[in-house]
Structures are given as structure tokens and as C-alpha cells.
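Trainee: Per my numbering, the sequence shown runs over residues 998 to 1304.
These are computed hints drawn from the structure, not numbers from a lab. Each hint should be verified, as a subset may be incorrect.
Stated by the list, open to error - Just the calculated beta-carbon pair ranges, DEER-fashion: (1) Val1080 / Trp1122: 27 to 37 Å; (2) Tyr1066 / Phe1220: 38 to 48 Å; (3) Ala1201 / Leu1131: 42 to 52 Å.
As the list claims (entries may be wrong) - Below, a list of computed lysine to any residue pairs in the SDA-like style, where the Cα atoms sit at most 25 Å apart: (4) Lys1272 / Gln1067; (5) Lys1112 / Leu1096; (6) Lys1154 / Gly1142; (7) Lys1272 / Val1245; (8) Lys1106 / Ser1208; (9) Lys1272 / Ala1252.
The beta-carbon is built from N, C-alpha and C at its ideal position, and this holds for glycine as well.
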Amino acid sequence: MTYAVPEIRSAGKPRRKRLSHAAIEPWLYLSPAIILLVVVLLVPLVIGISYSFRKFSAFKSEYVGLGQYQAMLSDQVLGQALVNTLWWTAASLFFQFFLGLGLAMLLDKPFRGRKAVQALVFLPWAVPSFLSGLTWAWLFNPIIGPLPHWLFALGLKAEPTNVLSDPSTAMWGPIVANIWFGIPFFAITLLAALKSIPSELHEAAAIDGASPWQRFTKVTLPFLAPTIAITVMLRTIWIATFADLIFVMTEGGPAGSTNTVPVYIYVSAFKSLDKGYASAVAVLLLVLLIAYAIALIAIRRTLVRHV
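Kindly generate the complete structure, drawing on both the sequences and the hints.
Mentor: Okay, structure coming up:
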């Protein structure tokens, strides 16, 4: 059977049309999400980076190039804020992770009242951070809160004073509040990962005579490693950019002892009205967190290949 050339060409046109529709159709479904991401994330990011090259005054702005970034090199307040941010992030993350892992392993076992315990564990995650900051600030107040008196009774303080008013201990107030606020995140995610581990592996390890510690290190931990890597990365970024608790509890004081980079950005932009310098500091924080995320993703890929 033979076909004329015009008939072959006409048969090919619907096929090409279907292929073009198939290629365009997924983008039509994704377009609302793409538009939202561009408007909410990309556009503010570009505007913020462009602000970092300008100097703003009360009624005008001027282009200063890399002047804002050069000013950061001699900014001692920023240097202290970077140290405070590292301390705030590392301490919060350390206790959140290990307490969350312990709760996840506890909730993975059947016991009476487990659902009630789960509700109590997940409750802090539902409390607004602003309200959490106010509550913990009141708890650390010796006039209306019990914590200073408990610390005095335990011999940890010479007198029941406010932890937040002492530069040497002020950072521990927001850290404790942040630990309480962030434990549910690790408990929820690690509990879900524990549920995905086949029970046959633990049973086989127990039959072979493995101790509980050996079963944890040789069976549980390798399966949790990829989840741990991604949750630690996400939580680190959230803590490092989290200013609500600190600003509500201390506003960066006393004497800058709790002044982290996000708090410094907020103060520079909305109190000092120096949006250009605040944007430059925000770009610096963005670069540091991107570098951290890239390193941790590479570690996660290595862990996934070895599981």
C-alpha cells in the first residue's frame, strides 16, 4: 500500500500537535505554583540583593556598589552577632535533636497512654512563637515566674535573679525556649522514619545475639541517617534565621549578648532604617546557609549510598 506525500505530511501534523500539547500540559498544571514561587520568593530575593548595593537615607537612596559589604568587614557588632548565631544555632540544634530522637524512640514502643504523650509532645509545635517567647520570658522573671527560684533552690544560682538580665547567661533563656519549641519537629520526623524500618531486621539482630545498643547502632541508625541529615539541615536553617523568640525575650540584649544576625538585620532595617546594610547582612547569611546546605546534602548522598 502506498500513500501520497501530502497524506503522510497531514498524518504527521496531529502527532506533532499531540506531542507539543503533552510537553506544555505539565507546565500549565505547575504554573500557579511557579507564579507563586516567583512572586513570593524570587522577586523579593532579587529586590533584597539589589538593595544591598545601595545606601538609604530618610528621603533618598544612592548606589554605593560594594560599599555595604566593605563596611561589614570592620563591623564588630556583626562579628559578635555571627558568634552569637553560631552558639544559638549549635546549642539549640544539639538538644533539640537528641531529645527529639529520645522521644521518637520512646513513642515508637507501645505503652499505655501513648496517644496522650504524643499529644503533649507535639503541643509546643502548635503554639505561636511570639506567645512562646512571652511565656518563657515570664517564667524567667523572678517576680512572676518560678524558674529563678527553682535554680536558686538547686544551687545553680546564688540568688533568684532573672537569667535574661545577665549577659553571661542571657543566651540560655532563648535557647531553652527554642529547645522546647523545636523538639516536636525531630520527634515527628524521626518517629516516621522509625516506623519505616522493617521489624524483621531487629528480630534477626536479636536472634543473632545483638545487644540493644548494637541494634541501635547497626540497624536503626543507618536507616535513620538520611532522614537525620535532611532534618538537621532544615532545622539548622530555620534556627539560624529565627529571630522571633530572641527579639520577644531580650531584643538582642543585654549588651548585645543575644544579638544574632537575624535580630541585627531587623534592627538595622526597621530601627536604624538602614535597609541597604541590612540587605547586605542578609545576603551574607544567605550565602553561609547555602554553603552549609550544599555540604550537608553531599553528606546525605554519601549516607544514602551506604544504606
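Trainee: Hint by hint, say whether it matches the structure.
Mentor: Right, here's what the structure says about each hint:
1. Val1080 / Trp1122: 27 to 37 Å: 29 Å, holds
2. Tyr1066 / Phe1220: 38 to 48 Å: 44 Å, holds
3. Ala1201 / Leu1131: 42 to 52 Å: 51 Å, holds
4. Lys1272 / Gln1067: 16 Å, holds
5. Lys1112 / Leu1096: Holds, at roughly 18 Å.
6. Lys1154 / Gly1142: 15 Å, holds
7. Lys1272 / Val1245: 21 Å, holds
8. Lys1106 / Ser1208: 17 Å, holds
9. Lys1272 / Ala1252: Given pair lysine 1272, alanine 1252 holds - Cα atoms ~23 Å apart, limit 25 Å.
Violated hints for the displayed structure: none, as all numbered hints are satisfied.
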